[in-house]
Each structure stands twice: as structure tokens, then as C-alpha cells.
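Given chain A, put chain B in place with the hints provided.
Line by line, the protein sequences are chains A and B. So the first sequence is residues 1 to 283, counted in my numbering. So the second sequence is residues 1 to 187, counted in my numbering.
Just to be clear, a hint being listed does not mean it is correct.
[Unchecked claim] Within a straight-line C-alpha distance of at most 30 Å, the following computed DSSO-like cross-link-like pairs (lysine-lysine) qualify:
| id | chain 1 | residue 1 | chain 2 | residue 2 |
| --- | --- | --- | --- | --- |
| 1 | B | K186 | A | K236 |
| 2 | A | K7 | A | K30 |
| 3 | A | K236 | A | K168 |
| 4 | B | K186 | A | K168 |
| 5 | A | K228 | A | K40 |
| 6 | B | K186 | A | K40 |
| 7 | A | K40 | A | K236 |
| 8 | B | K139 | B | K57 |
| 9 | A | K99 | B | K70 |
| 10 | A | K120 | B | K41 |
| 11 | B | K70 | A | K49 |
| 12 | A | K49 | B | K57 |
| 13 | A | K165 | B | K186 |
| 14 | A | K102 | B | K70 |
| 15 | A | K165 | A | K257 |
| 16 | A | K102 | B | K40 |
| 17 | B | K41 | A | K49 |
| 18 | A | K99 | B | K139 |
| 19 | B | K139 | A | K120 |
| 20 | A | K175 | A | K49 |
| 21 | B | K40 | B | K120 |
[Unchecked claim] If you want a taste of the chain A side facing chain B, the calculated C-beta under 8 Å gives, among others:
| id | residue |
| --- | --- |
| 22 | R107 |
| 23 | I131 |
| 24 | R212 |
| 25 | G243 |
Since the hints were made in silico from the structure, they are not lab data. Backbone N, C-alpha and C fix where the C-beta goes; we use that ideal spot for every residue, glycine too.
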Amino acid sequence: MKEIQYKDIVQAIRDCIIYSGTNLPQDSYKALQNAYENEKSPVCKEVLKQLLENADIASNEARPLCQDTGLAVFFVKVGEDVKIKGGSLKKAINEGTEKGYKDGYLRASTCHWDTRANLKDEVGYNLPAIIHFDLVEGDELEIEYAAKGGGSENVSRATVFAPAKGRKGIVEYVKQVISDAGPNPCPPLTVGVGIGGTFEKAVISSKHALFRELGSVNPDPVLDSMEKELMVELNKLGIGAMGMGGTQTVLGVHIEKNPCHIASLPVSVNVQCHSSRHTVIKF
Amino acid sequence: MSKTYHLTTPLSEEDVCQLKAGDIVYLNGIVYTARDAAHKKLVDLLDEGKELPFDMKGAVIYFVGPTPPKPGDPIGSAGPTTSYRMDSYSPKLINEQGLKGMIGKGKRNQDVIDACVKSKAIYFGATGGAGALLARQIKSAEVIAYPELGPEAIRKIEVVDFPLTVINDTYGQDMYLMGRAQYEIKD
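So here's chain A without its partners, still in its complex pose (with noise of 0.2 Å):
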């Protein structure tokens, strides 16, 4: 059995948000620079001067990379030998959240769906954190944590296709969900996509696909062939950084597949901004 302070996790959490709502990380950083590298339009070159100048003022300067720093949605593998001492992991995980982004000067996104009241006062400053655990075996544990912004989020698609739709349904599902986004999710992109499982299944893997560094391999070689193809056809749109029209409209393309039922295929496209705030803590 493993022991973990609360006020540890509260602490760390508190500091990765903070971090990242200030420094975009390597990986994001390194696919905007050569996404500049190989743009043609001038106007999208521009634009993505303009992110990676942004990048720099934001870090050197320790202030928000966006305005939108996202609602906090975390990953968290809990080991079955992992001891809490000192109050709950969701609880921790929330007071980590809400000292993070008060801390930090990060903007209070969650609201009322109804009234749209901010709930800053009555739940928490930018609270609930949006939280999916699983229980693993072991004594560790790691927790991922990315900012969602909404932009991005609101251009997501799901959908549960019949079996005989196949890969090719899936490439052009996704290619249609990036085409009509158009500009409005902050290209250029991380396209995640969720395949199988049942229909939340399918969007929560969409959601922590978008976690996987950009620029690494998917192992399944299936998936792999898929992700380059959709690398290719979704540059193909044209739509650019910032829907200016231009030849790098995604950064990365990440899936991850789940066994289906029978009877369906389930997919969703989950889609992130450029500013693909994202990391991961271990204990």
C-alpha cells in the first residue's frame, strides 16, 4: 500500500495548471513551428508567427496563452495499492483545480447551462473539474490533465454508424466534421477520434486521444495508416490556421479504438485548438 498526501495532490495539481495555462507544451509548441515551416499562404504564415510570438510572451511573461483557459478535465489511473490520507481524490483534485486557476489569473469558464450564471461563487471558481478515473492494479498514480476550451469543443460531432461503413465511413465522418468547422475551432487542429465501444465510450477516448503527445506513433499500425491518411485528406480542405485558407489545418491526428458491439460502430470526433494545453503528474 502506497500513501499520498492530499495536500500533495491539491498542490500539484494547483501547480500544473497554472504552468500550463501559461507555457504551451513542447510538443504542441514544436508542431506549430513546423506547421510554419511548411505553410504556403502567406496569410496563414502570418497567423502562426503570430501563435508562436504569442507562445513566448505567454511563457516568458507567465501570462494565459488564451482567454478561454478551458474547463480542467483530468485522467486519472488510480492503483488499487493507493491510499488517500487526508480527505478524498476528487476532492483533491477539485481544490487543486479551483486554487489553480484563481491562482494563476485563469478565467472562470463553467456556468449555469440554463441561466448561464457564472457558478464561480456558488460551485467553485471554474468548478466542477470534468473528472474520468479508472482503477488500475498497482501502487501509482497518474493524472492527466488538459484545458478544454469551448470553441473547439462546441464543433465535436458523435455518431454510431451500422458495421458495414467501415474505415472508409469513418475517414469521411471525420472529413466532414473538420469541414464544417471550418475556421471556428482555432485551427490549426488535434483531431481526436474515439472508434467502438458503446456510444460514451467512443467520445471519452475521442476526449483522451487529444492527450497523446503530438508527433508520436499510435502502436496499432491499423490505427497509424488511418491517422496519416486523415493527415493528408484533412489538409487537403484548404481551411489553414485560422480558417485564413491555407495548406496546415491539423497539427496531429490521434485515434483510439475500443471492441464493439455487434451491431455497431461507433464514432466521435473530438476536436482541439491549436493551443493543446495538456500534461500529465505522476505519483
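Frame of chain A; chain B shown alone:
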């Protein structure tokens, strides 16, 4: 070929009619911030026959909900939000109140594009996700209405050489469609 302009608010009909989709504009002067919640309140005021909290004639509205300012700063990070959420409100402000400019990101619907042609207004794009960079061009900020909306309150801000691209002009052109048509590869 796109041109570069330096303009100061309030914008005149002459200012906006010279602009074409794809042109670069560095904007100076007073701009008002408002997102969906504030737009709804503005349109409600008009429906009730009441006065607006600022003069809309020649005005430019920036669709933004900034982060809280750090101590000593006028404003936090302040990049544009997605504009379609204001589509149902903008035509009324353009056609009936003389709004001349909107700053945001992403597509507008045909009603907004038509209003820009009919009543001579411009939809400008600012670079989404460049909130730290854009905040540098904002010299002052003051909440003038709806403080209870927090980040969505209406702020009167002063901008200096605020970098913009003309997306929808007064001739019905759309930079997003023009740009994409140039680079889309159809099999």
C-alpha cells in the same frame, strides 16, 4: 492584393467602404467588449425602448471574455471568442443602431453578411488563441455595464494598433471562403 490600413474609432462609412476582405487593419481608439450574454441584454434594452450603455453609432464591438488582470495590468489575456453565437443579435445593432465593426473569429451567418452590405459594416478577424499577444495592444479597460457577468461584462477598452484582418466586407465578400477556395485540393 490585400492592403494595410490604420483606422481610428468611431468608424465612418468612408472608413469601412474602402476595406476589402483580406485587408489588414491596425485599429486604434475606443472599442467595446461584449459576448452573448451582454448582447442579449443590449437587444433586450432596445426591445424595451431603453437607452444603450454606450453610443453604438460608428462603434466597434470586440467579442471577448478576458482572463482576470494580473495586479497592475489593465486586462488579462484577451483574444477573440467564436462569433456565430452573436449572429442572432448583430444585424439589429448594425441596421438600427449604426454599429460599424465587429471583432471575433469564425464564420458569420448570411443575416450578418447581408447586414454588413446593407448598412455598411465590417466583420474583422483577430487571431484566436493569441490572447497574451493581443492584450499588449490594449492600453486601458473599464467595466461600463453588467459587472455581474464577470468576464462577460461590457468593457470600454482603448486599443493601439490592434492587428485585424477583414473577414466580411461591405461588398458581401468572405475571406474564409476566398482563402479556402485558393488552397482546397479536390480529388
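inquiry  = Does A:K168 sit within 30 Å of A:K236, going by the straight-line distance between their CA atoms?
reply    = Given that 30 Å is the threshold and the Cα spacing comes to 17 Å, the pair holds.
query = Keeping to a limit of 30 Å between CA atoms, is the pair of A:K228 and A:K40 held or broken?
reply = holds (20 Å)
ask   = Within a Cα-Cα threshold of 30 Å, do A:K49 and B:K57 meet the stated pairing?
value = Not satisfied, since the Cα-Cα distance of roughly 35 Å exceeds 30 Å.
task = Assess, step by step, whether the Cα of B:K139 is no farther than 30 Å from the Cα of B:K57, and give holds or violated.
result = holds (22 Å)
ask   = Holds or violated: A:K7 with A:K30, Cα cutoff 30 Å?
value = It is violated: about 34 Å lies between the C-alpha atoms, which goes past 30 Å.
inquiry  = Against the 30 Å threshold, does the CA-CA distance of B:K70 and A:K49 hold or violate the hint?
reply    = Holds, at roughly 25 Å.
request  = Hold the hint about A:R212 up to the distance rule: shortest CB distance to chain B must be less than 8 Å.
outcome  = violated (20 Å)
query = Between A:K99 and B:K70, does the CA-CA distance stay at or below 30 Å?
reply = holds (15 Å)
query = When you check the alpha-carbon spacing of A:K102 and B:K70, does it fall within 30 Å?
reply = Judged against 30 Å, a Cα distance of about 11 Å means the pair holds.
inquiry  = Tell me if the straight-line CA distance from A:K175 to A:K49 falls inside 30 Å.
reply    = Holds, because 26 Å separates the two Cα atoms, which is no more than 30 Å.
query = Keeping to a limit of 30 Å between CA atoms, is the pair of A:K102 and B:K40 held or broken?
reply = Distance ~28 Å between A:K102 and B:K40 Cα, so the pair holds.
message = For A:K120 and B:K41, compute the direct alpha-carbon distance and say whether it is at most 30 Å.
response = Holds, at roughly 21 Å.
Consistency with the previously given hints fails for numbers 2, 12, 17, 23, 24, ordered from lowest to highest.
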